[in-house]
Amino acid sequence: MKLADLQRLFQDSVLAETPSPLLLAHLRPPTRAASVAETFAVYHDGFRLRMAEFLANDYPVLREAIGDLAFDAMAEAFSRARPSTFRNARWFGAGLPDFLRATPPYSGDPLVCGLAALEAGLAHGFDAEDADALPIEVLGAIDAADWPRLRFGFHPSVTLIEANAPALAAYEAAQAGEPLPEPGLGPALSLVAWRRDLDVHYRALDASEEMALLEALAGGPFGDICSLLAFASPDQPAEETAMAAGQHLARWFADGMIVSAEAKPE
Amino acid sequence: MAASDNQQKSRAQGFGLGLRTVYYPEILEAPQPVDWFEIISENFMVPGGRPLAMLDRIRADYPMRMHGVSLSLASTDPLDFDYLRALKRLIARVEPELVSDHLAWTGVRGLNLHDLLPAPLTQEALDHCVERARRVQDFLGRRIALENPSTYVSFGADEMSEADFLAELARRADCLLLLDVNNVFVSAFNHGFDAKDYLDRIPKERVAQIHIAGHSDMGTHKIDTHDHPVCGDVWELFSYVRQSFGPIPAMIERDDRFPPFSELLDELRHMRELAEAGERAAA
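Each protein sequence line maps, in turn, to chains A and B. Quick note on numbering: this note's numbering labels position 6 of the first sequence as 6, and the sequence is numbered without any gaps. Quick note on numbering: this note's numbering labels position 72 of the second sequence as 1072, and the sequence is numbered without any gaps.
Note that these hints are calculated values from the structure, not bench results. Since we're looking at a predicted model, the values are computed, not measured. From the three backbone atoms N, C-alpha and C, an ideal C-beta is built for every residue, glycine too. Not one of these hints is a red herring.
Short derived list, chain B residues pointing at chain A, Cβ under 8 Å: (1) PRO1047; (2) THR1076; (3) PRO1120; (4) GLU1124; (5) TYR1152; (6) GLY1156; (7) HIS1191.
The following residues of chain A were derived to be distant from chain B, with all beta-carbon distances above 12 Å: (8) ALA77; (9) PRO104; (10) PRO179; (11) LEU228.
Only chain A is shown next, with the shape it has when bound in the complex (with noise of 0.2 Å):
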């Protein structure tokens, strides 16, 4: 046989649920073990208990809100659904919150759903792309005129997370080292999580620095995050609502998220 044929033999039985008798035919009887097949679990049964610690790893506190068990077929079901292409594990696992909303019965569990998406973003932030802040006093250098077309480049760590006050509560639980709280219903929460330093930090969103902020990672312009806050809110008078983009830009360059402001044109 072609090593080609052999390896696509090998790897075929690795990933199915018993190997090919046809693969086993190929390998030499073992010295000691009883057949063949049990020196093959090795890898065959190896491969699991790697892809189950990888996601373990990435995602502890999913593991702890659901159990062993549940969490190791949780991730048999993603690595056979979705076998990892990547060289480095760390990316294996970043697709597990967009497989857990596409498939049941992981899809109908916002806690479960809310907490991959919560580690999966702080994950994100912790080795994303470095970048060096931006101070606000730069805002002083900014010509009135200007602000409306003023655009904003985010750290690369900033991420948007989509959870749940239940995934927050268990996540900060697990972090205080407390028992994770009885899984119960609870709104849905908007999440930034960031780098600054070496530290990853999240806070939750209110609807409108959600809005403003999806707006100005798009790459709209500060004069585009006012008017989509004052469509957003009528009866506002437009003071406050310029006031309201303003309080929300001067948090986002004290937690550190902006590293570049340009009055670029459309």
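With the hints as your guide, set chain B onto chain A.
Coordinates of chain B only, in the frame set by chain A:
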């Protein structure tokens, strides 16, 4: 490439440890009696943040060596030049004394099983690995060292021993070898060959580094788990290697069930003592 100053340099004395995040506090707190650290290359092939910041801090105080697990040398998939470019960038950042990976493959058809899968020991596989090792070295602009893996199955099609395969691979590709003494011990047990005979077939002048680790004993077979202290049989083989191969940089790999750092330092001290005893005996 001919045998060069680099090869001589990579054989310089020294005893190292695998750099693992659980030991960062001790490593950053005070100078440690460790001559160099070996990193898992892929763990630092990330865009930024704490992993690279810690790497730079520790690199400022210690020489480093880079050890990869995803080169997939023996795979029949095309070489992954995105991976090799990232590896080359990391090499430029770390300036390691040695870059190594394994005689193994990790997947085909674009998948990665994140395991070091065994290559059949055939002429076809040898030709394939030689050609790829040459291309990898040409791309990286430096020699790499290839490690003997622990294996749990062997193929009916095998045409040579693993030691002969590695010796021929190193000769034809003009690459270096990383001799994992624990892997020799594990594979010798699993396949019923003589570990010292295996070691005697390895070209000494090509060996640029030695790995030592613990393993799990499953009764009918042993598994290279790196989660136990080094056992007496492996220490004995290490002494044999030091006596017959001479001074080669050596290190202990620990990847799970991490003991206190002081215990790992005790193992490293034991390694130094055995090596020095071996050299006295050889003299």
